[in-house]
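Okay, here's what each chain looks like letter by letter:
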Amino acid sequence: MMPVYIPVVVLLITGFLTPLIGIKLKKLRRILVNSSLLFSFLFFVFLSSDVFPNKIIVQNVSSWLPPIGINMVLDSLSLIFLLLITGIGFLASLVVEKYVHERKSEFYSLFLLMIVGMMGIVLTGDLFNLYVFYEIMCIASYGLIVFYRTRKSTEAAIKYLLISALGSSLILLGIALVYGLTGTLNLADIITKLPENYAIPFSLIFVGFVVKAGLVPFHIWLPDAHSEAPIPVSVMLSGVLVKMGLYVILRFYFLFDLNYLFIILILGLASIIVGDLMALQQKDIKRMLAYSTISQMGYISFALGLGSVGFVAGTFHLINHVLIKSMLFLIAGSVVLKVKTRDMTKMKGLGFSMPVEAIGFLIGAFAISGIPLFNGFASKFMIYMATLNSGYSFLVFIPIIFSVVTLGYYMRAFFSIFGGTGKKREKTKWTLALPVLVLASLCVIIGVFPQLITQNLQLVINSLLDKANYYCAVLGC
Amino acid sequence: MNKPLLLISLTLLAVFVLSVLFVPNFSFFSNKISNHYIYHSLEETKAPNVVGGVVWDYRAYDTLGEETVLFAATLGVYMLFKKLHVRDKK
Amino acid sequence: MIEYVFGTIFIILGAYCLVVKKNIIKKIMGLSIITMGIHLLIITMGYRQGGIPPIITPENLLTFSQYSVDPLPQALVLTSIVIDLSITAIALSISILLFEQNKTLDSSKLKVLKG
Amino acid sequence: MTVIKQTISRIVFPFMLLFSIYVITHGHLTPGGGFQGGVLLASSVILICLVYGLRKAEHLIREETSHRIEAVAGILLAVLVVFEFFIKGSLMASESLFQVWSGGAIPVMNVIGGIMVATSFIIIFYSMVKEK
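Protein chains in written order, with our numbering: chain A, 68 to 544; chain B, 21 to 110; chain C, 6 to 120; chain D, 226 to 357.
Honestly, the hints are just simulated from the structure, not real lab data.
There may be inaccurate statements among the hints.
Covered by chain D, according to a simulated footprint, are these stretches of chain A (three or more residues, beta-carbon under 8 Å) [what the hints assert, rightly or not]:
#, stretch
1, 80-88
2, 138-149
DEER-style ranges, computed between Cβ atoms [as the list claims (entries may be wrong)]:
#, chain 1, residue 1, chain 2, residue 2, range
3, C, Glu105, D, Arg280, 49 to 57 Å
4, B, Ser29, C, Glu105, 28 to 36 Å
5, D, Glu356, A, Asn264, 55 to 63 Å
6, D, Phe310, A, Asn523, 46 to 54 Å
7, C, Glu64, D, Met226, 39 to 47 Å
Not everything, but these chain C residues come out facing chain B in the computed CB check (under 8 Å) [claimed, not checked]:
#, residue
8, Gly55
9, Asn65
10, Leu67
11, Ala80
12, Leu83
13, Ala94
14, Ile95
The model shown is predicted, which means the values in this text are computed figures rather than measured ones.
Ideal Cβ positions, reconstructed from N, Cα and C, are used throughout, including at glycine.
So here's chain A without its partners, still in its complex pose (with noise of 0.2 Å):
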């Protein structure tokens, strides 16, 4: 079996060395950034086949065995939010040299340590390791985001590292809680040693990481963290970046039965809610993308809340918006070059200079308000069905009613976009286009064979649900 540890130490070593590489060597730099995406990405495809969908790998980083030590853990689910993170990381990075004409080695040197806090968070199994991690990824994004120096851009930084450091000092509290209580830091040493009460210090870590999920009574810091961000940034922070959240709250809920189940449920209905309503109002274009991922993450924890019915249509979501809403931040990104405005009342007519970003929007639209034949139609159909299984029947209609509303303003932005007629451009460059195209023909395969995914998802999230096999793993039994 190959060490799992191998992607991020190539990513991480890889971070360490692009502020060395000098001005000449561009090419080589580019190339040894990319390459390393790529790399990390295929080791875990493949990998995928000795995971998929009930084996757990464990890897020690040192010689010390689990409770000593640090260890990391491999299981399906971490499997495919690493496939997640590095695909997505590999296409954002293929577009930097369009939007990063200055100070690009500082620039990639800190993207990729953010993609190394991400692996890290997935991988870990060690409760303070996951910590740390948190915060390089955190402060990596902090960097990326007031790349531009612009006033609004400081702004929004500011705002953000406020916000998240408070939640992230939440998070610290509970871990030393956990670990007053418990005496260990491990993930599978705590399952055991946990004592009666122990709802406080895990309520601490719960409402840290939903500030990072960017749900409703914490999100102000989202959209302009994602609109002021540059492009490359943009599409990691709203694709894959808030998932994280969800994530270690999904993993300790699996792990530690705990029942936050209902107020996860309630901040979905109020995400889906508030972010549908504001993304109405925006002229802006990344600023409405980046208040409809607020509304997504309400649908992805609305399902996620609904309890054991709505897992698989829960993460089957956020694979989705994972792969939609990168293209639809790649799509604006490439609009916004060729016009060099965000205001989307000013730009109309640019569907016949831009085919392709004018079908991969309507692809991007059509999916993530579920309209049939597309990837998010499956999932929201799980979804609803999910609602109407559960003791929560009542509620189904607040998810269909807003679907309609983004379908409603996701079409405006495309006439206003890619309606009429103007002036002709010219065609972009196929580096902008191609993971445009990627994404688009993933959307529309997955839309029309879901059960390649949600088969597999059923195997992982039932896996999942027995803690037994963690504990095993790790432990021993």
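Keeping the supplied structure of chain A fixed, place chains B, C and D upon it in accordance with the hints.
Then chains B, C and D, alone, in the frame of chain A:
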């Protein structure tokens, strides 16, 4: 920021934090992993400073993460102030 | 028990400073105070009556394991201090940039982003 | 700055440097280690920068140089931490405990960590005081 929101958030935080006091006793050395560090650290890591042994040997991966955090922060600060005047004149 | 009270007082004071004060620098100070309180809490978790620092010398080699305080919280705090310091460094440099651009540090006067 | 401050800092500077090196290299024996020694090392440079000005301090170490050093140290640390398992017995091998030359990979990692901390403090300080 308006007053009611502030009051609600502060009371929530105070409740959370004061609940620390009602968490049952943090029992010392009943079943902790740090027992292992205290008893076996010298023979396993060869370092008399047990904290140093824990930081650089048992939890070295954490420390690597910590140094990476520091590197990321440094890089962020360095990037933020590199040739600031070029942007500022716009 | 009294040690925990001091930690919690620090955390509440820091949270008050973070939420109420308008000045960005004061907000960052509040953030640091919160983290200091948490560190105090973690350190006191490893306390033991009549404990000695977790450093082995040839003199206390035999009695060390009976008297030593818990080394793991100290290691965690050491890591956590560096992380807190990195956050403070990047927050302060962003606020320097903020002051250069807006000529103010009052958070209620920052209104570039809306809605 | 006045003559008093300049003279005192000129006298204190080598001792700070020496003490920081002591703290780093005795990290596995006494309280302290890479982080604490690194902060001391950085503060000795920062003292010179405060008293004599940025230009004089850049004779000691330049921002670019410390940036490069930090990146190299980071690579070394990453390799060392992850593959510590393989090299554990061979680094700083010594039978006798309580000596400077003992402790496996810990002293080496203390030195690398100390260098990283020191350089990053120097970069942060230089970046903040640099003319905007």
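Hints, one by one, checked against the model:
no., hint, in the structure
1, 80-88, "holds (count 5)"
2, 138-149, "violated (count 0)"
3, C:Glu105 x D:Arg280: 49 to 57 Å, "violated, 22 Å"
4, B:Ser29 x C:Glu105: 28 to 36 Å, "holds, 31 Å"
5, D:Glu356 x A:Asn264: 55 to 63 Å, "holds, 57 Å"
6, D:Phe310 x A:Asn523: 46 to 54 Å, "violated, 34 Å"
7, C:Glu64 x D:Met226: 39 to 47 Å, "holds, 46 Å"
8, Gly55, "violated, 12 Å"
9, Asn65, "violated, 10 Å"
10, Leu67, "violated, 12 Å"
11, Ala80, "holds, 4 Å"
12, Leu83, "holds, 6 Å"
13, Ala94, "holds, 5 Å"
14, Ile95, "holds, 5 Å"
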